[in-house]
Amino acid sequence: MKKKLLGYYDYTVILTYCGMLFAFKGIILAIKGMCWNSLLCLMIAGICDMFDGAVASTKDRTAPEKRFGIQIDSLSDLVSFCILPAVFVYMLLDGTAFATTIVAIYVLAGLIRLAYFNVLEEERQGQTTEKRTSYLGMPVTTIALLLPAMYFLYDYKISFFRNKITFLVLLGVAAVGFLLPIEIKKPKIIGKIVLIVVGAFLLLAASLYLFAIKPRRKRKEMDKFKGWRYAHRGLHNDQASENSMTAFENAIKKGYGIEIDVRFSKDGELVVFHDETLKRVCGIDKRVVD
10 MKKKLLGYYD YTVILTYCGM LFAFKGIILA IKGMCWNSLL CLMIAGICDM
60 FDGAVASTKD RTAPEKRFGI QIDSLSDLVS FCILPAVFVY MLLDGTAFAT
110 TIVAIYVLAG LIRLAYFNVL EEERQGQTTE KRTSYLGMPV TTIALLLPAM
160 YFLYDYKISF FRNKITFLVL LGVAAVGFLL PIEIKKPKII GKIVLIVVGA
210 FLLLAASLYL FAIKPRRKRK EMDKFKGWRY AHRGLHNDQA SENSMTAFEN
260 AIKKGYGIEI DVRFSKDGEL VVFHDETLKR VCGIDKRVVD
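At the far end of the sequence shown sits residue 299, using the working numbering, and the numbering has no gaps.
I should point out that these hints are in silico values taken from the structure, not numbers from a laboratory.
A few of these clues could be false.
Stated by the list, open to error - Below, a list of computed lysine to aspartate or glutamate pairs in the DMTMM-like style, where the Cα atoms sit at most 20 Å apart:
| hint | residue 1 | residue 2 |
| --- | --- | --- |
| 1 | K41 | E285 |
| 2 | K275 | E258 |
| 3 | K288 | D103 |
| 4 | K233 | E268 |
Sequences and hints are given; from them, build the entire structure.
Structure, rendered in structure tokens:
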């Protein structure tokens with residue numbers, strides 16, 4: 010008897026696998042501080058999840074294939090819409106103890122909701138072949154729209170959303186929504202169109218942002234910067250703080266180039282500072298621009 014790999018690998022699960030892989034890439038990008046790149050991966054994972062069920066329904070699957078589909082979809086959702094948003098917010102808030110608590114509760118709530126959904130869905134599919142018309146509790150996939158929308162408002166410094174605490178509020182409310190026994194109707198054609206339009210707008214905003222900051226590597230004037238080693242924030246150590254004159258002098262003595270980040274303060278002054286906030290270096294939870 011010919012042996013094969015465990016699991017299923019036909020077209021009905023490809024979107025689910027792709028969604029999980031995009032989400033994993035998003036986690037790596039979040040750890041690196043590449044926020045919009047990470048959110049772009051989250052939104053792509055959301056798109057994969059939106060259509061994977063429709064794709065799977067086009068095949069007359071066996072009972073084991075259906076059960077596998079339920080399990081693999083929820084496991085993928087755990088990575089995409091629980092762990093990725095949690096890591097994103099954790100990194101955005103510099104890993105504070107309070108942020109750690111909230112994101113941990115968020116992941117746990119998502120885990121419970123997905124496991125309970127699996128139980129109900131297996132029971133439902135054992136009783137009927139009709140498509141699901143509603144959900145019990147808020148679907149975890151909604152975070153693929155809510156988190157990018159909130160970051161858009163935050164990134165453009167819109168009123169209340171300028172405070173990073175709003176991200177913890179979002180995850181806290183979402184965690185409660187995952188577990189509340191409320192029936193939520195699946196969106197019909199109008200609702201789906203609205204979701205697609207909003208999602209397309211956020212995808213476009215993220216894509217334009219990434220295109221705007223993408224380095225133009227083929228410019229000839231950049232050739233003079235090649236072949237050098239660069240000290241990020243100067244050559245800093247325990248005796249020389251980053252972005253200090255001593256760190257810059259150390260880099261020059263070693264023959265290194267110096268790469269720095271220059272920001273504007275609120276009153277229009279130029280500030281050499283790597284982070285967006287003063288939290289890591291100065292212990293003050295305020296943004297440089299403020």
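Checking each numbered hint in turn, tell me which of them this model violates, lowest number first.
2
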